[in-house]
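With the hints as a guide, bring the two chains together.
Heads up: the sequence lines are chains A and B, in that order. Using the numbering used here, the letters of the first sequence map in sequence onto residues 122 to 284. Using the numbering used here, the letters of the second sequence map in sequence onto residues 33 to 793.
Hint data in this document are derived by calculation from the structure and do not stem from the laboratory. Check before you lean on any hint, since a few could be wrong.
[Unchecked claim] Below 30 angstroms or equal to it, Euclidean Cα-Cα: the simulated DSSO-like pairs (lysine-lysine) are:
1. 240(A) x 677(B)
2. 240(A) x 676(B)
3. 558(B) x 611(B)
4. 189(A) x 256(B)
5. 240(A) x 126(B)
6. 217(B) x 240(A)
7. 291(B) x 464(B)
8. 611(B) x 492(B)
9. 256(B) x 200(A)
10. 291(B) x 190(A)
11. 609(B) x 228(B)
12. 201(B) x 217(B)
13. 292(B) x 464(B)
14. 341(B) x 558(B)
15. 256(B) x 207(A)
16. 262(A) x 217(B)
17. 126(B) x 207(A)
18. 292(B) x 200(A)
19. 636(B) x 502(B)
20. 532(B) x 636(B)
21. 331(B) x 217(B)
22. 262(A) x 609(B)
23. 201(B) x 291(B)
[Stated by the list, open to error] Now the in silico label distances, taken between C-beta atoms and shown as ranges:
24. 242(A) x 654(B): 44 to 52 angstroms
25. 749(B) x 172(A): 50 to 58 angstroms
26. 174(A) x 265(B): 47 to 55 angstroms
27. 129(A) x 749(B): 30 to 38 angstroms
Every residue, glycine too, gets a C-beta built ideally from N, C-alpha and C.
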Amino acid sequence: MPNLNINGRNMSVEAASDTPLLWVIREQLQMTGTKFGCGAGLCGACTVHLNGEAVRSCQTSLADAVGKKITTIEGLSAKGEHPLQKAWVAEQVPQCGYCQSGQIMQAAALLSKNTNPTKEEVVAHMDGNLCRCMTYSRIQKAIMRAASDMRTASATGSERRAT
Amino acid sequence: MNKHVKNLTPETTDLSRRSFLVGTAATGLVLGYAGSGIDQALAAPAPANFEPSVWYAIAPDGLVTVTCGKADMGQHVASTMAQIVAEELGANWKDMRVQLASNDPKFNDPVLGAQITGGSWSTMMNFDAMSRAGAAGRIALTEAAAASMGVPAGELVVRDSRISHPKSKKSMSFAEVVKSGKATKTFTADDLKAIKLKSPDQYTMIGVSVPQLDIPLKVNGTAKYGIDVMLPGMVHGALVTPPVRYGATVKSVDDSAAKKVPGFIKAVTLDDKTTTTTGWVVAVANTYANAKKAAAALKIDYDGGPNAKLSSESLLTEAKRLQGLSDSGQFFVKDGDPNAAFGTAAKVLEAEYTTNINIHAPMEPMNATAEFKGDILHIYSGNQFATRSGAIAAGAAGIDPKFVVMHQMWLGGGFGRRLDADMMVPAVQAAKAVGKPVKVIYTRENDMTMDFSRPLTYQKVKAGVDGDGKLVALSHDVVSAWPTQRWGIPDFLSPSVDKKGPLDAFTVNGSDFFYTVPNHYVRAIKNEMAHNATPSGQLRSVAPGWTFWAVESMVDEIAHATGKDPALLRVELLDGKGKNDGGAQRLRNTLLAAMGLAGYGTKKLPKGEGMGVACVSSQERATASWTACVAHVAVAPSGEVTVKKLTVATDVGTQVNPDGIRAQVEGAALWGMSLALFEKATLKDGGIEQTNFDSYTPLRMSQLPEVAVNVIANGEKATGVGEPAVTVVAPAIGNAVFNAVGARVRGLPITAEAVKAAMKA
Numbered sequence: 122m123p124n125l126n127i128n129g130r131n132m133s134v135e136a137a138s139d140t141p142l143l144w145v146i147r148e149q150l151q152m153t154g155t156k157f158g159c160g161a162g163l164c165g166a167c168t169v170h171l172n173g174e175a176v177r178s179c180q181t182s183l184a185d186a187v188g189k190k191i192t193t194i195e196g197l198s199a200k201g202e203h204p205l206q207k208a209w210v211a212e213q214v215p216q217c218g219y220c221q222s223g224q225i226m227q228a229a230a231l232l233s234k235n236t237n238p239t240k241e242e243v244v245a246h247m248d249g250n251l252c253r254c255m256t257y258s259r260i261q262k263a264i265m266r267a268a269s270d271m272r273t274a275s276a277t278g279s280e281r282r283a284t
Numbered sequence: 033m034n035k036h037v038k039n040l041t042p043e044t045t046d047l048s049r050r051s052f053l054v055g056t057a058a059t060g061l062v063l064g065y066a067g068s069g070i071d072q073a074l075a076a077p078a079p080a081n082f083e084p085s086v087w088y089a090i091a092p093d094g095l096v097t098v099t100c101g102k103a104d105m106g107q108h109v110a111s112t113m114a115q116i117v118a119e120e121l122g123a124n125w126k127d128m129r130v131q132l133a134s135n136d137p138k139f140n141d142p143v144l145g146a147q148i149t150g151g152s153w154s155t156m157m158n159f160d161a162m163s164r165a166g167a168a169g170r171i172a173l174t175e176a177a178a179a180s181m182g183v184p185a186g187e188l189v190v191r192d193s194r195i196s197h198p199k200s201k202k203s204m205s206f207a208e209v210v211k212s213g214k215a216t217k218t219f220t221a222d223d224l225k226a227i228k229l230k231s232p233d234q235y236t237m238i239g240v241s242v243p244q245l246d247i248p249l250k251v252n253g254t255a256k257y258g259i260d261v262m263l264p265g266m267v268h269g270a271l272v273t274p275p276v277r278y279g280a281t282v283k284s285v286d287d288s289a290a291k292k293v294p295g296f297i298k299a300v301t302l303d304d305k306t307t308t309t310t311g312w313v314v315a316v317a318n319t320y321a322n323a324k325k326a327a328a329a330l331k332i333d334y335d336g337g338p339n340a341k342l343s344s345e346s347l348l349t350e351a352k353r354l355q356g357l358s359d360s361g362q363f364f365v366k367d368g369d370p371n372a373a374f375g376t377a378a379k380v381l382e383a384e385y386t387t388n389i390n391i392h393a394p395m396e397p398m399n400a401t402a403e404f405k406g407d408i409l410h411i412y413s414g415n416q417f418a419t420r421s422g423a424i425a426a427g428a429a430g431i432d433p434k435f436v437v438m439h440q441m442w443l444g445g446g447f448g449r450r451l452d453a454d455m456m457v458p459a460v461q462a463a464k465a466v467g468k469p470v471k472v473i474y475t476r477e478n479d480m481t482m483d484f485s486r487p488l489t490y491q492k493v494k495a496g497v498d499g500d501g502k503l504v505a506l507s508h509d510v511v512s513a514w515p516t517q518r519w520g521i522p523d524f525l526s527p528s529v530d531k532k533g534p535l536d537a538f539t540v541n542g543s544d545f546f547y548t549v550p551n552h553y554v555r556a557i558k559n560e561m562a563h564n565a566t567p568s569g570q571l572r573s574v575a576p577g578w579t580f581w582a583v584e585s586m587v588d589e590i591a592h593a594t595g596k597d598p599a600l601l602r603v604e605l606l607d608g609k610g611k612n613d614g615g616a617q618r619l620r621n622t623l624l625a626a627m628g629l630a631g632y633g634t635k636k637l638p639k640g641e642g643m644g645v646a647c648v649s650s651q652e653r654a655t656a657s658w659t660a661c662v663a664h665v666a667v668a669p670s671g672e673v674t675v676k677k678l679t680v681a682t683d684v685g686t687q688v689n690p691d692g693i694r695a696q697v698e699g700a701a702l703w704g705m706s707l708a709l710f711e712k713a714t715l716k717d718g719g720i721e722q723t724n725f726d727s728y729t730p731l732r733m734s735q736l737p738e739v740a741v742n743v744i745a746n747g748e749k750a751t752g753v754g755e756p757a758v759t760v761v762a763p764a765i766g767n768a769v770f771n772a773v774g775a776r777v778r779g780l781p782i783t784a785e786a787v788k789a790a791m792k793a
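Isolated chain B, as found in the complex (with noise of 0.2 angstroms):
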């Protein structure tokens, strides 16, 4: 288990003759979430002021031990936070180790004020403050070193843990120097910020794909995960989840059965406040099997509740009548006025573009442990979201958040899926229940009918070209349940344009991309009934995931519309004008790398195969991966589609570690692959039927097309790569099919029979 950072000593001003920290602190963010009756702000207030750090320490036998406030799910985040450290303070790779935070808010993310991880945020946002903290380190440690050896510190040089005077030839470990007890000097925010720090040239380390320091634990089964976790006294337990979705309530519970199964304990029906569960009831047994099989006993009676008889059918039913009406929805992006440019346009297309359901499913099931002792409760769980999840264990315990500790963990896959804090409400209610510490591991069934999924949406795009073939118009409606808003958290909202009050931007993100139209609008329209029967949640890259889905398509119709080139047209359409200067051209450039990997255009392909191309700015326009994708695929009479190879090309300015970026690159792009061929979850009667990897089936090796993946680091600022390159496939894999058959695809997944009936028509 990784160490409880919460319980050690702070560090202060006083830099102490063991080891000493330096680094930096946040402003606040005040969090809440959405509920019954509980209206206090919940998560304790970011300190205000700079503190003595906590990034990291160095042991007097010279190991370094940075400290992530991040959840790393497999994007060896706390490997890269240490590289961040370790270029500026000078240490040598092998004296690098890594701890996973504690929720208390001092190590809170020094841009978001929260612990939370998502959004391809990390790197990008921690890059200077971890930078900062590693120069500091080096700084302090230089001066102490200068005094011992009675040497101008300017005359020194640092490098891999060492720091000599090369003139006299002296010089020390920084295991010495920790030993020395002479590193005192402290930073204000000032001091900080006055840091010069390298420039890209100087980097030794950055740039550098040195081996992740989790991967040495996780091909040996040591790395400890939260379903790993074994407290002493601890019981175990089993969950019911109702048939619906969400909605249902338990009208009665008999344990008679149960009652006769070895080592059961309690049947525990949630009370949940917090409102994130309805309708769980937790069997609690000795063991986990035992749990298992008394939950398989209980007879529970359930009210459906008002979802019980909703369908995807339903919820897609409800998106277009709400698409229809003129007053729905809040404009996330309006400029000029495009109702009026369809009415003089020589040309105007009209689309709709649809996804279904899709769920999470990380290797590892959800689960936390639970346990209160004393005034505290603690929970063991991998978790993306400490901040708000805390909040949420301390709303179904009845507590102050701020009697919570929250363990991290490695996670067994994140996605999004443990932004949700879901498992805190079985397993503190069941601890409290029966006085012991409790696990609660959800089955495979329990984890796909009851993921906070990505919702089901439903996009119509307009677009309207003048007598030029030029694209002078696009509306684009874009309809779903609002995963953000659920979270119940201002902050993550976004005013809109109309002054309609606040949208849920990560609905709609990538849909303010970065082509010159001159009339262009977008509206966010919540879809209240997918909202309530399906809590939808932040599914590896949210809103890009279907807003590129139906631009990149658009775009490539408006190519066939008018007879160009599809990635010629978009070469036209990122002409960097106004206010997409920079970006545009980045990401022209981008694409234009993925086509010349490709061999786009330069030879015939045989009769059903196709290229095609799509190009992205995900995850946000502030904070875009340049992404572009070329799709080879090969399309059978059936309609089945093989891809034969994704080429992708991505710009993401700095690279910290080369090696770890491809991985994640690439990972991405086969979850889009995964999510544009095979991954489709489906409503009926207010419940998801799919239930374990038979029913719901993501890409396995023997579906493994050929990847290539380029990375463009051109020296601009470090941006993140776990999500985008998942956004740009399905469009790329689409537009290929097109070129391949000639059937245009408008709904995801893309099944052989969606492309067979598109084939005919």
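Chain A with its partners taken away, still in its complex shape (with noise of 0.2 angstroms):
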């Protein structure tokens, strides 16, 4: 039985290597934050991130995820407090909001390599994330604030480090 690392801990599944990543988050593991959009990698609904970068899930084998790291929107922060998350309350972005998590974890991996994107390095980043009700103009606030909060944070830690 394959052996995935999601969210931190240790699960063992029960599913053909070539099933993918998808189902086996959402009807084995049973967490139904990760959604089914398109089924091709078209539209970015799947998206979660193995060792951190964002994948879409419905493109990825059980196979290709074991011995890697898997995070999803249930693990992206405990208590779902990632500086994106509390931007998009703020922002009142969700509509729907079937979409959101993927669009929130393609958000996540851009800001955790770069708190200082550009409005065009967002959207090229974005762009492959579709969403029907179209909320992107708040998308993108959303994803501005949450790194401007980043900055702030991290600005703030250092000072205390260094005193």
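See below:
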């Protein structure tokens, strides 16, 4: 039985090695925050992190995920207080909300490497994630807000360390 | 999962110690559907009397839980209902909670008498009922508190979930009053009607952008959509749909290869007496991944049926043929005598406008979970029309609809798609066939090719102008499939002006505009071929999404033909005479607001750029939100259109949650732009050719223009905001393209090729 490291826990699953990671996460592990949208890597609703990189879980096989650190929306932060999640609430981003787990996971991969992205970098990074409610402008604003909050937190953290 | 309200003990006039309920019920509407051999009325009649109500409960801890009978598909309607209740109740927003209602008729819409969410109706039609429910609760709590405190009720002040007596400085929280068990007042229908509601100047909650109650669930993955339902012992179904959209039949199913797929249980060929689906097969297995593998392994032989050779071109050709017949269709509008007026007009303009098939494609693919438990069929699915969908589920199961319980879920997008009930049929029949709960999930390919789409439409508009350049006559023929007639519910059809039988007004709404035109007719012509080959549905904004495309393009064409400014011609036509009094002035003001905000006509734009205007009274004449748009576009020599800015103004009367309204209007405007420029589906050999987001391509972030939204709240009654802005954008863009490069495109979507061709013409 394959073992998966997901959101910091090791869990064994029972599925053929070619099963898309998406369905293993949703059905076997019953973590339904990761969504099925297109099954073809065209919409981004199923985005999770594999070793910190945003990937489409509908295009990732179970075999490819074994031995890697998987993070889903449920594990992005312990209490749902990742700066992006807070920014998503502050900007009142979601409408139907179905694509938003994927949007947040996609954005989180960007901010983990770059907390000062330009608007162009945000658009280039997010363009593969469809939102049928068209909440794009709020998504952009929330990413910029979270990035700013992360920069402030990190600056405050350095000051504390310095003193 | 949301709490299943139906199983709660109904609260009665005896307001219990633990909680109390106040509210209203509705009058009925008999529902049924057109189908093969099932003719009984299928929905339970709504109660004729007011019953102690249902819309919210206050628990002993003071939390107020509002039950929302509307489908919440991202418009935050549950939160809006809670906000209206909270205003009159005097509750603190942090105490408000929401849950989604079952299909129990007691949760029917108080105006519509059914559970249906559409038409941008919810706020306007529930505002009064929710206000009165809230006020009744406040009155009951206040009287109980007065008795407990030993003070006159009239001296009490209710605010932030607390009832205070300023003179004695005594106060009680809602929680304390509920715990006291003294809130025992009941209200009859007349009592409720007699309650004096707050006037807008007294509002402290309505008009405030309180945080939407559903949003926290949607940023941490805990919101439960239909697709997320997990039941004990549940198995999974994957669909195989035929290559033809409608009319195919299954000749044979060979499951020998599927049997080799681990976990495969059964292939179920649907026997759909509701005629919602044709030729569908469900592969059932222990997991969805295995069900998909099994579905792919099935070898199915089809008879393509009567529509197997049809294409978009055939539907358009048929539409033109029908339009050309003098006795086609029925009259929706008939003022004066346009044909006579054309004879004496100084100038007559004629144009044809078309729209292609459009697909809803909500991000959550269609799905439903069915479970037979004793005599009861339980359905778990996010659905916009629980009343009818429950009846379809019952029809698929061969049981009486009163034995169906619909468990409402959050909807991963609706846009009208989830008014339909097709997903009930495979879930129900698979569950029945395997004797276990079954969740059926459509692949994106199933979802797109089996959409109840916005139909292909063809419109012919003729305008007559007199010697002074005044518009004196307009004729307008609208040819389309009839999406709402397909429901088989007479109450949703409208009588025709020429008494030729009922017509589907959801194909012509909007064409009965607020411009003053003395001679004006609109014919609604059903394209039976399109109706059968591409069963159509209600796509966000429905008819005004195509009727205003034609009307607002033609008004621009008239302006250019008569040498007038297109915006000022509209102002002139919105003179508020006769039947247009009131609405016309509001629309005129809204248009002027949008013009002002956009800086219309105030500066010279660079070569290849232009602004275009449009204004609409979507959704229906009786339920209009007054909406105007100025589109600013740049057109490349290749014909490619870039939208630089959309400025949208909308008069909604009263705004409950301004930030929520802005979100809806912006989303709707971007839908309008997406339909105007990027979305096109085509029929070939009876099947929809586009199967996923590589070939059907809604707007992405990189295509986002600047959007400026201005909401006008002038104290009139609250109107809807989910749809109207969809309808105003396409004509505004089309008109802007014309002003930029002189290219008039009359078909949607506006493609670079079409613009380039029109530039040369």
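- prompt: Where does the structure disagree with the numbered hints, that is, which hint numbers, in rising order?
  reply: 5, 6, 10, 11, 16, 18, 20, 21, 22, 23, 26 and 27
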